[in-house]
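Build the full structure now, drawing on both the sequences and the hints.
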Amino acid sequence: MTGVNTTSRAKRKEPMTDAQLLMTISICIFAFMYAAAMIFLGGGFLKFQQIFDLLNDNAALIIISCSLTIVMIGGGINISVGGVIGLTVMSCALFLNNNGIQNGFLSILLTILLALGIGLAFGVLEGFLVSFLGIQPFIVTLAGMFLSRGLTTMLSVNPVKVTHEAFLALVKSKIKIPWLGYVAQNGNPIPAKLEIGAVVALCVVILVYLMLHFMRFGRNIYALGGNRQSALMLGINVRSTCFWSYVLSGLLSGLAGYVFLMHKPAGNASVAMRSEMDAIAASIIGGTLLTGGVGNVIGTLFGVMILATIQKIIALSPLNASWWQEMASGAMLGFFIILQSVVLSNRGKHKSKDKE
Amino acid sequence: MLQRKKLRAGLGQLLIPLIALGILILFNLIRDPGFFSIGVAVNNSGNRVLTGNPISIIDSASELAIISMGMTLVTAACGGQDISVGAVGAIAGSVFVKVLQGTGSISVGTVILSILACCLATILFKLFNGTLVAVFKIQPMIATLILYSCGRSIAYWINGDATPQLNSPIISSLGMTIPGIPVPTPIFAVLLVGLLLAVVFRFTNISLYTQSVGINQGAARLNGINPTIIKLLSFALLGVCVSVASVIGVCRLGQLNHKTLLVDIEMDAILAVAIGGNNLGGGKFKLSGSILGAYIIQMLTTTLYAMNVSPVNVKAYKAIVIIIIVIAGSPVVKEKLTSLWKKSRIGGSNAVIRKGVG
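Protein chains in written order, with the numbering used here: chain Y, 15 to 370; chain E, 1325 to 1682.
Any given hint could be a false lead.
[What the hints assert, rightly or not] List of simulated lysine-lysine pairs, DSBU-like, C-alpha gap at most 30 Å:
{"hint": "1", "chain 1": "E", "residue 1": "K1583", "chain 2": "Y", "residue 2": "K278"}
{"hint": "2", "chain 1": "E", "residue 1": "K1583", "chain 2": "Y", "residue 2": "K326"}
{"hint": "3", "chain 1": "E", "residue 1": "K1666", "chain 2": "E", "residue 2": "K1608"}
By construction, these hints were calculated from the structure, which means they are not laboratory data.
What follows is the structure, given as structure tokens:
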């Protein structure tokens, strides 16, 4: 009897971890912001399609944010993801236009393989340099970013528009969910539309979540980021864990490039410019720490949604000049970051009081 | 003996960048023996100036070298990098031009006033970053991400969409050459900032304090060093460096463009810090390494341009060379090389002994 009591008390008193707290904050902020947008801006925000649009527009960003979350939990960083997206989009667009394969399905399949292959190549290269040669991840991935951007401009300086018919059909195909739609003014019901890329992104979030929480590899990444020395002492193969986390990150950025192409079927030298910083910001807002060992991929999803909602709100508000947009989103980012820090430090004070 | 050991330890960090620089110089000499020739020419305003690749490399690396000095300090104290230097540099340039235009005429006094105003504004922006890092305990990269994403918009807000032109002999003598002195002025700016920092480090304990805060903040605090002040100070010094660099950048072109002033310099500056052998995780640092890193990067760029690589493709080649340099400087490769070196040394000393006996 007493045993049951103590366990239930222990269960009740078990505190939230930092990652869970940060994730809860980000989910609350998203809900609050969305509710505020619904009340003050109305319009599109009242329709369910708006959430789907946020997902559709930011599918690639969600995927690279997941890939960054994995690497950041392991205590590293990967700033080449945006460059890899650019390179993937450009090479896939050129391949689709010039391959001359009659079979549409086959050529789409080959492009997917090409995209994943490019991502994999960058992941393997960076992972090898970081984990086996012990070079600082920031510098390795910075070189990766330079390399991918340089290769993109080598392929083509001019924008390339995809003219492949089968692929364009794939781009246009959307998943329609009638019961979430709305009725237009002329009485026609318009179903809510979700792009294939958004579905892929959501699948990636779920798979990465499962991997991080229920697979040995995922737990190893947490251990590696939390304390490398202890992880080594526990018998975890630190080097191979680090290596495979970068490989996975590279693979996901290749996939993100393909999803990007499915959203906007055109290659350009400045595709996804600076998106790595957005992805880092999204991960941080979602509760991942750059120091490693703390993080949650569900929080990352909400981090992306927060950033996307900020942009949407500013675009709909009167201050829609691009420089206002940047300044306002910078200010909001600053606000969230300070809020998080204040909440965490207050929590630290409470904890130390408890100990006393 | 101790002195020698110290010297060797210091050289150990600079060894890889020095070798990289040497290889680059050698490569250029083989490729084009005239690459390093220096000539004297008369420029538009009738001054005799030195020309040639070495001068242009040292001259155009000035902004990068100045900023990478400040970046080294921030890296050492906070264990993270400031990615907003380019954007804050654009703000600094805007403030400089705005104040200069506000005073009406361009004279030595107004230019100095504008530089001071620009310095002040930059330090304030950097202290904002520094407060986020030191007081709110936010990771430097995230704290500076805010200004990275909106800094250029603030610069736009200050100066509007225009690209103001500054036509004055004072501006051109700041950005290019002072009449009568054949060496470009930015080189003197690098020397000035470097000397200033060297003097500060020589006569105060700031360098030691910065390192100790970077290595172990808690231990530093227990020893009576205030980590908050040290971190803020490092950001303030970076602010001074950024403002000097942006003034050079504006004067060099004689105009202000908030979109292209010091664009992407943050990545190059971090790279310079890393190539110089400094740990990006904070702690011990060497300013000379970072300066060397900056010149290596500029030399590489100039070499690639000289080889007729188109500017948009330079990044790819640069990446490959950087990867090679960091592989050579990586701990694993270094360890292997030192063990090889020791083996050969032991063999060598045996040979000497044998010779002596013989």
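Need the status of pair K1666/E, K1608/E: alpha-carbon distance at most 30 Å?
26 Å, holds
Are the Cα positions of K1583/E and K326/Y separated by 30 Å at most?
24 Å, holds
Just to be careful, I want the Cα atoms of K1583/E and K278/Y compared with a cutoff of 30 Å; is the pair within it?
Given that 30 Å is the threshold and the Cα spacing comes to 26 Å, the pair holds.
Of the hints listed earlier, there is not a single one the structure fails to meet.
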